[in-house]
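**Q** One-letter residues, chain by chain:
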Amino acid sequence: MAGRIAQHPILGCQNENKKIVTFHYDGKEMKGFEGEPIAAALKANGVMVHRYTLKQHKPRGIFCAIGRCTDCVMVVDGEPNVRTCMTPLAEGMDVRTQYGVSDKPFDQQ
Amino acid sequence: MKIERFDLIVVGAGPSGLSAAIEAAKHGMKVVVFDENARPGGQLFKQIHKFFGSKEHKAKIRGFHIGEQLLKEADDAGVKVELNATVAGLYQDREVVVRMGDEVHHFKGDAIIIATGAAENMVLFDGWTLPGVMGAGAAQTLMNLYGVKPGERILMLGSGNVGLVVSYQLLQAGCQVVALVDAAPKIGGYGVHAAKVARTGVPFYLSHTIKKAEGTDHVTGVTIAEVDNHFQFIPGTDKHFDVDTICVAVGLSPMSQLLKMAGCKMEDNPKRGGQVPIIGEYGETSVPGIFSAGDVSGIEEASSAMIEGRMSGAVAAEYLGYITKEEKEEILAKLKASLGSLREGMFAPKNRGKDIKETEEGIPISTNLLHKGYVLDSEIERFPGVTHKKGVHPVIECTQNIPCNPCQDACTRHCIKIGSHITALPAVDETADCINCGMCVASCPGQAIFLVNEDAGDRKAEITLPYEFLPLPETGMKGTALGRDGQPLCDAEVTRVRSSKAFDGTNLLTISVPAEFAMKARFFKAAAQA
Ligand SMILES: Cc1cc2nc3c(=O)[nH]c(=O)nc-3n(C[C@H](O)[C@H](O)[C@H](O)COP(=O)(O)OP(=O)(O)OC[C@H]3O[C@@H](n4cnc5c(N)ncnc54)[C@H](O)[C@@H]3O)c2cc1C
Ligand code: SF4
Ligand code: SF4
Ligand code: FES
Chain B
1 MAGRIAQHPI LGCQNENKKI VTFHYDGKEM KGFEGEPIAA ALKANGVMVH
51 RYTLKQHKPR GIFCAIGRCT DCVMVVDGEP NVRTCMTPLA EGMDVRTQYG
101 VSDKPFDQQ
Chain E
1 MKIERFDLIV VGAGPSGLSA AIEAAKHGMK VVVFDENARP GGQLFKQIHK
51 FFGSKEHKAK IRGFHIGEQL LKEADDAGVK VELNATVAGL YQDREVVVRM
101 GDEVHHFKGD AIIIATGAAE NMVLFDGWTL PGVMGAGAAQ TLMNLYGVKP
151 GERILMLGSG NVGLVVSYQL LQAGCQVVAL VDAAPKIGGY GVHAAKVART
201 GVPFYLSHTI KKAEGTDHVT GVTIAEVDNH FQFIPGTDKH FDVDTICVAV
251 GLSPMSQLLK MAGCKMEDNP KRGGQVPIIG EYGETSVPGI FSAGDVSGIE
301 EASSAMIEGR MSGAVAAEYL GYITKEEKEE ILAKLKASLG SLREGMFAPK
351 NRGKDIKETE EGIPISTNLL HKGYVLDSEI ERFPGVTHKK GVHPVIECTQ
401 NIPCNPCQDA CTRHCIKIGS HITALPAVDE TADCINCGMC VASCPGQAIF
451 LVNEDAGDRK AEITLPYEFL PLPETGMKGT ALGRDGQPLC DAEVTRVRSS
501 KAFDGTNLLT ISVPAEFAMK ARFFKAAAQA
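Heads up: the protein sequence lines correspond to chains B and E, in order. Its first residue numbered 1, the first sequence is counted upward by one per residue in the numbering used here. Its first residue numbered 1, the second sequence is counted upward by one per residue in the numbering used here.
Don't read these hints as lab results, they were simulated from the structure. Don't take each hint at face value.
Claimed, not checked - Which chain B residues face chain E? A few, computed with CB under 10 Å, are given here:
1. ILE5
2. LEU11
3. ALA39
4. HIS50
5. ILE62
6. CYS64
7. ILE66
8. CYS69
Backbone N, C-alpha and C fix where the C-beta goes; we use that ideal spot for every residue, glycine too.
Go ahead and model the full structure; you've got the sequences and the hints to work with.
**A** Here is the structure:
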C-alpha cells in the first residue's frame with residue numbers, strides 16, 4: 001500500500017499480522033488495517049482532505065492526530081463529526097468527506 | 001451517585017504519572033491512573049530514539065522500551081490503569097470527574113497527582129490550516145505508532161529537540177526532509193541531534209520562517225524567507241520548496257487546566273513553558289493533597305518527568321501516612337541527586353535564553369553547529385573527544401555540555417572519560433587501547449562517536465559510523481562518503497557491517513575512504529542513492 005512504511009529500521013514491520021479490511025471513502029473502495037485509526041488508513045491511501053469548514057468552505061486534514069483539534073472529523077457510517085484520528089477502522093465502514101456538518105457537497109445542500 | 005474512592009488518583013499515564021503511581025503503590029497505596037489515550041505511556045511510545053542521561057535515568061534505552069518497562073513495573077506494583085478515560089473535572093475536595101465512552105464517572109482520591117503533560121504549540125502563517133500542515137507530534141504518531149508516512153517531501157519548522165528528533169525519525173521512515181527551518185538565529189536543541197540530521201544532507205535555515213504554505217486543497221509547496229532581529233521578513237530572501245507536508249515543532253505548553261480548575265495557585269512562567277502551578281520542590285501545589293509532576297509543571301524531559309513522578313508519589317505516600325517522614329526523606333534525597341545531575345549543563349532550565357559561548361571546560365562552542373547543524377573541520381580538533389593515534393581509535397564529536405554519559409560506561413577499556421560530573425565533555429584517553437568493539441558507537445544516543453583508523457594501509461582510512469536507516473548497505477558496496485555538512489566528499493566502499501543485539505538497532509558501518517578524508521567523512525550514501 002502506498003504511504004505505508006514497509007520495513008522500519010527500528011520498529012521492523014509495524015503492521016505484521018494485522019487484518020486487512022475494506023472500507024469506502026466517498027464511495028471509493030479502499031483497504032486498511034483493522035483497528036488502526038481511520039485517519040491513518042486514509043493517509044496511507046493518499047487522502048489529504050477530511051472536511052471543509054462550514055462558513056468559509058476551507059479544507060482541513062490531519063493536524064494533531066491525538067483527538068484535540070477536530071480538524072480530521074468526517075461523516076462515518078452516516079454520523080457526522082467523527083474524529084477519524086481516534087476512531088478505529090472496521091470492515092465495511094463508510095467514510096465520507098464532511099462539508100460543514102453534512103456529507104453532501106455545499107452546492108447540493 | 002456512586003463515588004469510588006482511591007488512596008491516590010493519578011491523571012495521565014505518561015512517564016511522570018506511571019512513575020508516581022508505581023512509587024505510591026510500592027508503599028501499599030490503592031492507586032488508579034486515568035489516561036484519555038487508548039494506550040498508556042504518554043509521549044514515550046512515540047520516541048524510538050535512545051535517550052540521554054546516565055544509567056539511573058535509563059540512558060541509551062529507546063523511549064518506547066522505557067515505556068514498556070514502566071508499564072510492567074506499574075502492573076507488578078498493582079497499579080490500575082484506566083485507558084480511554086478523560087478526566088474532565090477536578091475539584092478542591094479532590095473529586096475527579098472522568099468521561100469513559102458515553103458515561104461519566106465520579107471518583108474521590110485522598111491524594112491526587114496531575115501528570116497531564118503538554119500540548120503542542122502552533123504558529124500562524126499564510127496557509128497554516130491547509131491539509132498537509134501538521135504538528136510534529138502528529139507526524140510522529142502516524143509513523144511510529146501506525147507505520148504510515150506523514151508525507152513524502154517534508155519541511156520541518158522548529159529546531160528544538162522535538163524538531164530535530166522528528167526530522168531524523170522522518171528520514172528513518174523513508175521520507176525526504178527538504179529543510180529544517182527556525183526563526184531563531186540559533187539551533188535550539190542538542191548539537192548532536194542536529195549533527196546527525198545535517199550529515200545526511202538536510203539543510204538548516206536559521207533566522208528563517210515560513211511565509212506561506214501553498215496549495216488550494218492541500219499543501220503543494222512552501223515559501224520561507226529570512227527574518228531580521230525583530231522577526232520581520234527581509235525582502236528578496238524568499239526560498240521555495242516543493243513539499244506535500246509541513247511539520248511544525250515550535251514548542252510545548254503545559255496542559256495545566258485541571259490544576260487551575262481545582263483552585264491551585266498558578267503562574268505564567270515562560271522558562272517553564274507557560275501556565276504552570278506554583279509548586280514546592282516535590283510537586284506540592286497550593287491545595288493540600290494535590291500534586292503535579294512532569295511536563296505539566298514545566299516542560300522538560302521524560303527522564304526528569306520520571307523522577308518528579310517518583311518524588312510526588314513518595315510525598316503523597318507520606319501525606320497519607322503510608323511511609324514515615326524519615327523514609328520519605330531518604331527516598332527524596334536519592335531522587336534529588338539524580339534530578340540535579342539532569343538539570344546541569346548548557347540546556348538546563350536555568351540556562352534557557354542565555355547566550356553560552358564556551359563549554360564548562362572553557363572551549364569555544366562551534367558557532368557553525370549552532371547555525372548550520374554541524375561542526376566545521378576547522379573547529380572539530382579543539383574538542384577533547386577528538387584525538388589522533390595509530391590504529392583504530394574513537395573520535396567523539398560531542399561538543400556541548402549535556403547530561404549524558406553512556407559512552408563512558410560502554411567502554412570497558414576506559415578509552416572514554418567523562419568523570420562523575422555527567423555534563424562534562426567526553427574525552428578520549430589516548431593511553432588506553434581501543435579494541436574496536438563498537439559498543440561506544442552503538443550506545444551513544446547522539447550518534448556522535450566514530451571509530452577511525454587513520455592509516456588502514458594502501459593510503460586508505462577506515463571509519464566506523466552508526467547507521468539506523470534502511471536499506472542497510474552490504475559489505476563491498478560502493479558509494480559516496482558525505483562530510484559533516486552532508487555534502488559528497490569522495491568515493492567510499494563498505495568494508496564491514498555489524499549488527500548485534502547489544503547494539504540495539506544501531507548498525508555499525510565501516511567504510512574505506514582515501515586517507516585524507518579520515519577526519520572528514522561521517523556518512524555513507526550507497527551509489528544508487530547518491
Ligand atoms: C519528539 C520528542 C522527543 C523527545 N525526546 C526526549 C528524550 O530524548 N529524552 C527525554 O528524556 N525526553 C524526551 N522528550 C520529552 C518527553 O517525551 C516528555 O518530557 C515526557 O513524556 C513528559 O512526561 P509526562 O508524563 O509529564 O507527560 P506525557 O508523556 O505527555 O503524558 C501525559 C499523559 O496524560 C494524558 N492526559 C492529558 N490530559 C488528560 C486528561 N484530562 N485526562 C486523562 N488523561 C490525560 C495524555 O494522554 C498523556 O498520555 C521528547 C519529546 C518529544 C515530543
Ligand atoms: S570501540 Fe570499544 S574499546 Fe574502542 S572506544 Fe569504543 S567501547 Fe572502547
Ligand atoms: S558522546 Fe557520550 S556524552 Fe556525548 S551524546 Fe554520546 S554518549 Fe552522550
Ligand atoms: S487530527 Fe486533531 S482531532 Fe484528529
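**Q** Now look at each hint and say whether the structure bears it out.
**A** Hints, verified against the model:
Of the supplied interface hints, the one on ILE5/B holds, with its beta-carbon coming within about 5 Å of a beta-carbon of chain E, less than 10 Å. Look at LEU11/B: its Cβ gets to within about 6 Å of chain E, closer than 10 Å, so that hint holds up. A cut of 10 Å between beta carbons decides the hint on ALA39/B: the least distance to chain E is about 8 Å, and the hint holds. This hint holds: HIS50/B has a C-beta 7 Å from the nearest C-beta of chain E, less than the 10 Å allowed.
Of the supplied interface hints, the one on ILE62/B holds, with its beta-carbon coming within about 6 Å of a beta-carbon of chain E, less than 10 Å. With its C-beta approaching chain E no nearer than about 5 Å, CYS64/B sits inside the 10 Å limit, and its interface hint holds. Using the Cβ-Cβ criterion of 10 Å, the hint placing ILE66/B at the interface with chain E is satisfied: the shortest such distance is roughly 6 Å. Using the Cβ-Cβ criterion of 10 Å, the hint placing CYS69/B at the interface with chain E is satisfied: the shortest such distance is roughly 8 Å.
Comparing the model with each earlier hint shows no violations; every hint is respected.
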